[in-house]
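Enquirer: Sequence:
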Amino acid sequence: MTMTELFVSTLITFFVVIDPLGCAPIYAGLTAGASNAMRRAMAIRAVVVSAIIIFAFAFFGRQLLDGLGISLDAFRIAGGIMLFVIALEMVFEKRTQRREDRAQKIIDTPEVEDVSIFPMAMPMIAGPGSIASVMLLMAQHRGLEAAIAILGAVSLILALTLAALIASGPLMRLLGAKIEAVITRLLGVLLSAFATQFVIDGIRGSLG
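Here the sequence shown is numbered in this note's numbering, starting from 1 and rising by one per residue.
Wrong hints could be hidden among the right ones.
[To be verified] Derived SDA-like pairs: lysine to any residue, alpha-carbon spacing no greater than 25 angstroms straight-line:
1. Lys178 / Leu162
2. Lys94 / Leu162
3. Lys178 / Ala163
4. Lys94 / Gly152
5. Lys94 / Ala32
6. Lys178 / Ser155
7. Lys94 / Leu174
8. Lys178 / Ala167
9. Lys94 / Leu190
10. Lys94 / Ala181
11. Lys94 / Met122
12. Lys94 / Pro123
13. Lys94 / Arg142
14. Lys94 / Phe15
15. Lys94 / Gln197
16. Lys94 / Ile183
17. Lys94 / Ser192
18. Lys94 / Thr196
19. Lys178 / Val189
20. Lys94 / Phe118
21. Lys94 / Val199
22. Lys94 / Arg173
23. Lys94 / Met1
24. Lys178 / Leu21
25. Lys178 / Phe92
26. Lys94 / Gly22
27. Lys94 / Ser206
28. Lys178 / Gln197
29. Lys178 / Glu93
30. Lys94 / Ala78
31. Lys94 / Ile148
32. Lys178 / Ala78
33. Lys94 / Phe7
34. Lys94 / Ile203
35. Lys94 / Val189
36. Lys94 / Leu68
[Claimed, not checked] Estimated spans, in silico, between C-beta atoms of each pair:
37. Arg40 / Ser71: 42 to 52 angstroms
38. Val85 / Ile12: 16 to 26 angstroms
39. Ser206 / Ala37: 21 to 31 angstroms
40. Thr4 / Ala193: 12 to 22 angstroms
In case anyone wonders, no lab produced these hints; they're calculated from the structure. The model shown is predicted, which means the values in this text are computed figures rather than measured ones. C-beta atoms are modelled at their ideal positions from N, C-alpha and C, and glycine is treated no differently.
Please model the complete structure; the sequences and the hints are all you need to start from.
Expert: Shown next, in the form of structure tokens:
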């Protein structure tokens, strides 16, 4: 796989897993009563914290697996299954419903004002899917060029997520609920294929 192919593959994977367009309506609902400056500050904080978490697992995730005695192939299979579950939830809109339920709980708790860390940074942006994906990709593709391609793609998706959060209000008015639902389902189908490939690679590696 060339570095360009790796960059594009990582870009698609993280666009599907993080789902910036799916995060936008949740963030719009959570920050409905906030000023523009406060909404922008929380969006920046959420993405920065998410980046720190994802990059930490990218660089130190393999050492964590080794310390726990977990093989890379076992993690590939587990990560693939987990991503496949997320894909099914996207196709059947369970993921959106769960995010909305979580957001409503935050709204119903008056003392919680800053939503940048929870639920935005974790688990919406730096969730199990994105953490598993970055660990798998970094473990599969070694070398400085591969790391730059992977982390560059992740950074681009995080920048896109930040833009989607900041522009969440106008973005939702532009797209509408029906178009967002169609996009989410299509991305879910794509993610299921990536997840299946992770499982196949894990099984092939463990048997080989």
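Enquirer: Now tell me, hint by hint, if it's right for this structure.
Expert: Structure-based check of all given hints:
{"no.": "1", "hint": "Lys178 / Leu162", "result": "holds (23 angstroms)"}
{"no.": "2", "hint": "Lys94 / Leu162", "result": "holds (24 angstroms)"}
{"no.": "3", "hint": "Lys178 / Ala163", "result": "holds (21 angstroms)"}
{"no.": "4", "hint": "Lys94 / Gly152", "result": "violated (30 angstroms)"}
{"no.": "5", "hint": "Lys94 / Ala32", "result": "holds (23 angstroms)"}
{"no.": "6", "hint": "Lys178 / Ser155", "result": "violated (28 angstroms)"}
{"no.": "7", "hint": "Lys94 / Leu174", "result": "holds (23 angstroms)"}
{"no.": "8", "hint": "Lys178 / Ala167", "result": "holds (19 angstroms)"}
{"no.": "9", "hint": "Lys94 / Leu190", "result": "holds (16 angstroms)"}
{"no.": "10", "hint": "Lys94 / Ala181", "result": "holds (11 angstroms)"}
{"no.": "11", "hint": "Lys94 / Met122", "result": "holds (18 angstroms)"}
{"no.": "12", "hint": "Lys94 / Pro123", "result": "holds (15 angstroms)"}
{"no.": "13", "hint": "Lys94 / Arg142", "result": "violated (35 angstroms)"}
{"no.": "14", "hint": "Lys94 / Phe15", "result": "holds (18 angstroms)"}
{"no.": "15", "hint": "Lys94 / Gln197", "result": "holds (23 angstroms)"}
{"no.": "16", "hint": "Lys94 / Ile183", "result": "holds (14 angstroms)"}
{"no.": "17", "hint": "Lys94 / Ser192", "result": "holds (15 angstroms)"}
{"no.": "18", "hint": "Lys94 / Thr196", "result": "holds (20 angstroms)"}
{"no.": "19", "hint": "Lys178 / Val189", "result": "holds (17 angstroms)"}
{"no.": "20", "hint": "Lys94 / Phe118", "result": "holds (20 angstroms)"}
{"no.": "21", "hint": "Lys94 / Val199", "result": "holds (22 angstroms)"}
{"no.": "22", "hint": "Lys94 / Arg173", "result": "holds (22 angstroms)"}
{"no.": "23", "hint": "Lys94 / Met1", "result": "violated (34 angstroms)"}
{"no.": "24", "hint": "Lys178 / Leu21", "result": "holds (13 angstroms)"}
{"no.": "25", "hint": "Lys178 / Phe92", "result": "holds (14 angstroms)"}
{"no.": "26", "hint": "Lys94 / Gly22", "result": "holds (12 angstroms)"}
{"no.": "27", "hint": "Lys94 / Ser206", "result": "violated (32 angstroms)"}
{"no.": "28", "hint": "Lys178 / Gln197", "result": "violated (30 angstroms)"}
{"no.": "29", "hint": "Lys178 / Glu93", "result": "holds (12 angstroms)"}
{"no.": "30", "hint": "Lys94 / Ala78", "result": "holds (21 angstroms)"}
{"no.": "31", "hint": "Lys94 / Ile148", "result": "violated (34 angstroms)"}
{"no.": "32", "hint": "Lys178 / Ala78", "result": "violated (32 angstroms)"}
{"no.": "33", "hint": "Lys94 / Phe7", "result": "violated (29 angstroms)"}
{"no.": "34", "hint": "Lys94 / Ile203", "result": "violated (28 angstroms)"}
{"no.": "35", "hint": "Lys94 / Val189", "result": "holds (14 angstroms)"}
{"no.": "36", "hint": "Lys94 / Leu68", "result": "violated (32 angstroms)"}
{"no.": "37", "hint": "Arg40 / Ser71: 42 to 52 angstroms", "result": "holds (43 angstroms)"}
{"no.": "38", "hint": "Val85 / Ile12: 16 to 26 angstroms", "result": "holds (19 angstroms)"}
{"no.": "39", "hint": "Ser206 / Ala37: 21 to 31 angstroms", "result": "violated (52 angstroms)"}
{"no.": "40", "hint": "Thr4 / Ala193: 12 to 22 angstroms", "result": "holds (20 angstroms)"}
In terms of the numbered hints stated before, the structure departs from hints 4, 6, 13, 23, 27, 28, 31, 32, 33, 34, 36, 39, listed from lowest to highest.
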